[in-house]
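Novice: Got chain S sorted already, so can you dock chain Z onto it with the hints?
Same order as they appear, the protein sequences are chains S and Z. Residues in the first sequence are numbered consecutively from 1, following the working numbering. Residues in the second sequence are numbered consecutively from 1, following the working numbering.
Incorrect hints may have been included.
[To be verified] Rough simulated footprint, nothing fancy, chain Z against chain S, three-plus residues with beta-carbon under 8 angstroms:
(1) 112-122
(2) 211-225
[What the hints assert, rightly or not] Going by beta-carbon spacing under 10 angstroms, a handful of chain S positions derived as facing chain Z:
(3) R90
(4) T92
(5) G108
(6) R165
[To be verified] Label pairs and their in silico Cβ distance ranges:
(7) Z:H164 / S:R284: 44 to 50 angstroms
(8) S:T101 / Z:L104: 27 to 33 angstroms
(9) S:G75 / Z:L189: 31 to 37 angstroms
(10) Z:R163 / S:A267: 39 to 45 angstroms
(11) S:P134 / Z:L137: 57 to 63 angstroms
(12) S:R284 / Z:S113: 57 to 63 angstroms
Hints are computed from structural coordinates only; laboratory data are not their basis. For glycine and all other residues, C-beta sits at the position ideal for the given N, C-alpha and C.
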Amino acid sequence: MPAVPADRLTLPQPSRATSPVGAAPGAPTGISAAAVTLRGVGREFPTASGSHRVLDAVDLDVAAGSTVALLGASGCGKSTLLRMVAGLDRPTSGAVEVAGTPVRGVSGRAAVVFQEPRLLPWRDLAGNVALGLPPGTPRAEGRAEVLRWLETVGLEGFAGHRPRRVSGGMAQRTALARALVRRPGVLLLDEPFAALDALTRLRMQDLLDDVQRGTGATVLLVTHDVDEALHLADRVVVLGVPEEGAGARVVRDVHVEAPRPRDRADADLAALRVDLLDLLGVPRAQRR
Amino acid sequence: MSSATRPAPAAVGVPAARRRPRGGSWLLGAVVPLLLLVAWQLSSTLGIFSAYQLPPPLTVLDAARRLWLNGTLQTNIAISVQRVLIGFAIGASLGVLLGGLTGLSRTLDRMLSPTLGAVRAVPSLAWVPLLGLWIGLGEPPKIVLIAIGAFFPVYTTVFSALRHLDPALVEVGRAYGRRGIGLFTEILLPATAPSLLSGLRLGLAQSWLFLVAAEIISSSVGLGFQMTNGQNQGLTDQLLLAILLLALLGKLSDVVLSLVERRIARNRS
Numbered sequence: 001m002p003a004v005p006a007d008r009l010t011l012p013q014p015s016r017a018t019s020p021v022g023a024a025p026g027a028p029t030g031i032s033a034a035a036v037t038l039r040g041v042g043r044e045f046p047t048a049s050g051s052h053r054v055l056d057a058v059d060l061d062v063a064a065g066s067t068v069a070l071l072g073a074s075g076c077g078k079s080t081l082l083r084m085v086a087g088l089d090r091p092t093s094g095a096v097e098v099a100g101t102p103v104r105g106v107s108g109r110a111a112v113v114f115q116e117p118r119l120l121p122w123r124d125l126a127g128n129v130a131l132g133l134p135p136g137t138p139r140a141e142g143r144a145e146v147l148r149w150l151e152t153v154g155l156e157g158f159a160g161h162r163p164r165r166v167s168g169g170m171a172q173r174t175a176l177a178r179a180l181v182r183r184p185g186v187l188l189l190d191e192p193f194a195a196l197d198a199l200t201r202l203r204m205q206d207l208l209d210d211v212q213r214g215t216g217a218t219v220l221l222v223t224h225d226v227d228e229a230l231h232l233a234d235r236v237v238v239l240g241v242p243e244e245g246a247g248a249r250v251v252r253d254v255h256v257e258a259p260r261p262r263d264r265a266d267a268d269l270a271a272l273r274v275d276l277l278d279l280l281g282v283p284r285a286q287r288r
Numbered sequence: 001m002s003s004a005t006r007p008a009p010a011a012v013g014v015p016a017a018r019r020r021p022r023g024g025s026w027l028l029g030a031v032v033p034l035l036l037l038v039a040w041q042l043s044s045t046l047g048i049f050s051a052y053q054l055p056p057p058l059t060v061l062d063a064a065r066r067l068w069l070n071g072t073l074q075t076n077i078a079i080s081v082q083r084v085l086i087g088f089a090i091g092a093s094l095g096v097l098l099g100g101l102t103g104l105s106r107t108l109d110r111m112l113s114p115t116l117g118a119v120r121a122v123p124s125l126a127w128v129p130l131l132g133l134w135i136g137l138g139e140p141p142k143i144v145l146i147a148i149g150a151f152f153p154v155y156t157t158v159f160s161a162l163r164h165l166d167p168a169l170v171e172v173g174r175a176y177g178r179r180g181i182g183l184f185t186e187i188l189l190p191a192t193a194p195s196l197l198s199g200l201r202l203g204l205a206q207s208w209l210f211l212v213a214a215e216i217i218s219s220s221v222g223l224g225f226q227m228t229n230g231q232n233q234g235l236t237d238q239l240l241l242a243i244l245l246l247a248l249l250g251k252l253s254d255v256v257l258s259l260v261e262r263r264i265a266r267n268r269s
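Excised from the complex, chain S in its bound form (with noise of 0.2 angstroms):
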């Protein structure tokens, strides 16, 4: 059975506006977003010549149902700070918590989207998908959800197919419809779509733009790319490290007013776009 590299095939652009996926009437989709809160949270990591201090008191408060981008140079402390939201690793310092209760190891309020897909390779696309479905999940009613998250990324038809068989995009699909099976309060999203192509990527940010409207999710979205953060976010956090050899900080907290989806011509934009980039230590005339 020759796949077919579906990315350009299943996401009928024209029409994502006026209706965003998972919101049809009559099909709930079970996702109630979540608030997440950090509290003076800090984070260092032992080493040889004394303890790293990455992350220095963070404090954020991220709305249910709103999407907020984490941007911040490589090695800032973006995705330690979205584990630690996810429960795969703890704070040095202060409080993080999901729903107003504090996170304690992984639970299911929480599903992460990391940049590489990480899909069983044993499994296929379905399989897959339902390696997120919540412990407890009766057969028939596990199936369904599979089969309509699959659909809602735009892999129909490829429930069946085999990790290696499918190109990234479709791979980072399917890891996508992972998370969103979980029916997760916060939907953490580490680099998604960094490893993807440019085209690509633009279609996953539609894509995970129209899911996110759809099911009024919790989205926390780490990334490094501005245009991206400016695509889709409600709200852009820059972490920063303010002077030599301190943890990272927020130093930049935005509040995207622009109405989603957006354009990406958008002009009023494009001064938040260059304020950012200084932000990063990418100067104006070098931009030239």
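Specialist: Chain Z alone, transformed into the frame defined by chain S:
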């Protein structure tokens, strides 16, 4: 397994190499055995070896017929196969268990690995007198010896497969709430399945080696006994027959496992 985290290549058809009809490669593999058979026949017709040193193929075939008719051959094959299967099952199970424990726990690794390494260094034949003293005669010492033979390849491959697991896949398992048994059965075990299978194949091959060691030294039935018996009584045809049967049975059992192995590989591509 690290390739699992790389972005998958764009969908492609089955590589041309795999489409080659299987009969072709099978025939190719039969060329050398057929040449050997011809050389064997020639060396006895030309008198390079005496019939005592190397009985011609037909004499061996005749020995097989005679032994079959009086039932000895069936008994020898059956008992040897039985010993290998039981010993392999025990040794491989223990190999998976201990390889799993030492592979997953650094503490158990530090505690058990030095001892197991030393035990592995003991040559197979050295066990025979000791096992005779401890367990006595009959089936148990032979089964134990074969189990020892099967144990180490399985133990080593399972251990190192778990040590070289793709941490990204394990993290996915954890991120989606898998811990303990769930993590083991849904992520760790399938992730190590290809290595486990090659460990099992090695263990099975070693089981046949240790079977012969056990049967040559103390046994009154089995293919190993048929070899020593043939040697002692000057029945070289029986000796040769036993060797050929061991080669055949060893290969046959390996083919069974390799089919499972291929199935696993196909399941992931």
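Novice: None of the hints should be skipped; say for each whether it holds.
Specialist: Hints and how they fare:
Restraint check on the region 112-122 of chain S versus chain Z: 9 residues with Cβ-Cβ distances below 8 angstroms, three needed, restraint holds. For the region 211-225 of chain S, the stated coverage by chain Z is violated: 0 residues have a C-beta nearer than 8 angstroms to a C-beta of that chain, whereas at least 3 were required. Hint on S:R90 is violated. Least Cβ distance to chain Z is approximately 13 angstroms, over the 10 angstroms limit. The interface hint given for S:T92 is broken, as the beta carbon of that residue sits about 20 angstroms from the closest beta carbon of chain Z, more than 10 angstroms.
A distance limit of 10 angstroms between C-beta atoms decides the matter here; for S:G108 the minimum to chain Z is near 7 angstroms, and the interface restraint holds. Proximity of S:R165 to chain Z holds as hinted, the smallest CB-CB distance being about 5 angstroms (cut-off 10 angstroms). Between Z:H164 and S:R284 the C-beta distance comes to about 48 angstroms, which sits within the given range of 44 to 50 angstroms. Distance hint check: the CB atoms of S:T101 and Z:L104 are about 31 angstroms apart, consistent with the given range 27 to 33 angstroms.
Distance hint check for S:G75 and Z:L189: the Cβ-Cβ separation is about 35 angstroms, which falls inside the suggested range of 31 to 37 angstroms. At about 55 angstroms, the beta-carbon gap between Z:R163 and S:A267 misses the expected band of 39 to 45 angstroms. Checked against the given bound of 57 to 63 angstroms, the beta carbons of S:P134 and Z:L137, roughly 59 angstroms apart, stay inside it. Between S:R284 and Z:S113 the Cβ separation comes to about 60 angstroms, which falls inside the hinted range of 57 to 63 angstroms.
Figure legend: structure checked against the earlier numbered hints; hints not met, in rising order: 2, 3, 4 and 10.
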